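Participant: Sequence:
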Amino acid sequence: MKATPIGLFVALVGVIIGGLFKGVSPILLITNVPALLIVIVGSIGATMASFDMKATTNVMSAIMRAMFPKGEIDPAVRLTLIVDMATRARQEGLLSLESDVAELDDPFMKKGLQLAIDGNDPDAVADVMRSEIRTLKARHKIAAEWCGAFGIFAPTFGIIGAVMGLIATLGHLDQPELLGHGISAAFVATFWGVFLANGLMLPLANKLKRMSIDEVAGREMVMEGVLALQGGQNPRVIEETLLTYLPPTEARALQEKSSV
Numbered sequence: 033m034k035a036t037p038i039g040l041f042v043a044l045v046g047v048i049i050g051g052l053f054k055g056v057s058p059i060l061l062i063t064n065v066p067a068l069l070i071v072i073v074g075s076i077g078a079t080m081a082s083f084d085m086k087a088t089t090n091v092m093s094a095i096m097r098a099m100f101p102k103g104e105i106d107p108a109v110r111l112t113l114i115v116d117m118a119t120r121a122r123q124e125g126l127l128s129l130e131s132d133v134a135e136l137d138d139p140f141m142k143k144g145l146q147l148a149i150d151g152n153d154p155d156a157v158a159d160v161m162r163s164e165i166r167t168l169k170a171r172h173k174i175a176a177e178w179c180g181a182f183g184i185f186a187p188t189f190g191i192i193g194a195v196m197g198l199i200a201t202l203g204h205l206d207q208p209e210l211l212g213h214g215i216s217a218a219f220v221a222t223f224w225g226v227f228l229a230n231g232l233m234l235p236l237a238n239k240l241k242r243m244s245i246d247e248v249a250g251r252e253m254v255m256e257g258v259l260a261l262q263g264g265q266n267p268r269v270i271e272e273t274l275l276t277y278l279p280p281t282e283a284r285a286l287q288e289k290s291s292v
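Per the numbering used here, residue 33 is the first one in the sequence shown, and the count goes up by one each step.
In case anyone wonders, no lab produced these hints; they're calculated from the structure. Being a predicted model, the structure only gives us computed values, none of them experimental. Just to be clear, a hint being listed does not mean it is correct.
As the list claims (entries may be wrong) - Now the in silico label distances, taken between C-beta atoms and shown as ranges:
id, residue 1, residue 2, range
1, LEU44, LEU168, 46 to 54 Å
2, ILE105, GLU272, 34 to 42 Å
3, ALA35, GLY151, 43 to 51 Å
4, GLU272, GLY151, 53 to 61 Å
5, ASN266, ASP153, 54 to 62 Å
6, ASP138, ILE192, 19 to 27 Å
7, PRO58, LEU198, 33 to 41 Å
8, ASN266, VAL160, 36 to 44 Å
9, ALA35, ILE184, 49 to 57 Å
10, PRO154, ALA78, 19 to 27 Å
11, ASN152, PHE83, 33 to 41 Å
Unchecked claim - Listed below are the simulated BS3-like cross-link pairs for lysine-lysine, each with C-alpha atoms no more than 27 Å apart in a straight line:
id, residue 1, residue 2
12, LYS289, LYS142
13, LYS289, LYS173
14, LYS102, LYS169
15, LYS173, LYS142
Just so it is clear, CB atoms sit at the ideal spot from N, CA and C, and this is done for glycine as well.
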């Protein structure tokens, strides 16, 4: 189950149902196009001004990855693969892994193992892998900060929209029958600003941060495994070391499976 889209949907449904109990029509909120334009376009513009164009163009793919993650490799699968390769390398040498490495689906692990097989110095292998991890962290950080910045700007643009709506409404004091509707419509922008910030962009920013932490931990586990494999460490020691990267329940399950 993909928790992020489900969570966002639950938040939206909760707001809609709560609004209906309060007598707020969802149609009024959706059809107020000027309010939506002020909040969405204004927030996007302010966020774009805070980052370079590359960050802005890349953020959509990051958001889609946060909402619908796919192709993620299970850390337990990575661990088992590294231990199996370490066992084989200890018995037959690093060169015996070449055909298996060529078929790997994990580009990071593939690069690290290939560098090791090619006879590069362990420090050089570590430097290359650490550099990739740093680049990944920087890229993920920018995407999360972009979403967070949108979440900061959106409520402010909601207030701007409300003020503009009130200015327009107060210009028709000679028509008191329109004041109630005009004032309520003015605050639609505030609603959208607060909702888009707290019901969408800030949760996405947190999800991107969480994904980055998990992915970096996975790559650090791979790097440690590759370097240990290259150094000829005992496969059992490698397994015990890499198990520390897994949650306790997963680590215990994997230990029980390997001991059978």
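Participant: Hint by hint, say whether it matches the structure.
Facilitator: Tested hints:
| no. | hint | result |
| --- | --- | --- |
| 1 | LEU44 to LEU168: 46 to 54 Å | violated, 31 Å |
| 2 | ILE105 to GLU272: 34 to 42 Å | violated, 21 Å |
| 3 | ALA35 to GLY151: 43 to 51 Å | holds, 44 Å |
| 4 | GLU272 to GLY151: 53 to 61 Å | violated, 27 Å |
| 5 | ASN266 to ASP153: 54 to 62 Å | violated, 22 Å |
| 6 | ASP138 to ILE192: 19 to 27 Å | violated, 47 Å |
| 7 | PRO58 to LEU198: 33 to 41 Å | violated, 22 Å |
| 8 | ASN266 to VAL160: 36 to 44 Å | violated, 25 Å |
| 9 | ALA35 to ILE184: 49 to 57 Å | violated, 24 Å |
| 10 | PRO154 to ALA78: 19 to 27 Å | violated, 47 Å |
| 11 | ASN152 to PHE83: 33 to 41 Å | holds, 36 Å |
| 12 | LYS289 to LYS142 | holds, 25 Å |
| 13 | LYS289 to LYS173 | violated, 36 Å |
| 14 | LYS102 to LYS169 | holds, 19 Å |
| 15 | LYS173 to LYS142 | holds, 25 Å |
Violated hints, in rising order: 1, 2, 4, 5, 6, 7, 8, 9, 10 and 13; the structure is consistent with all others.
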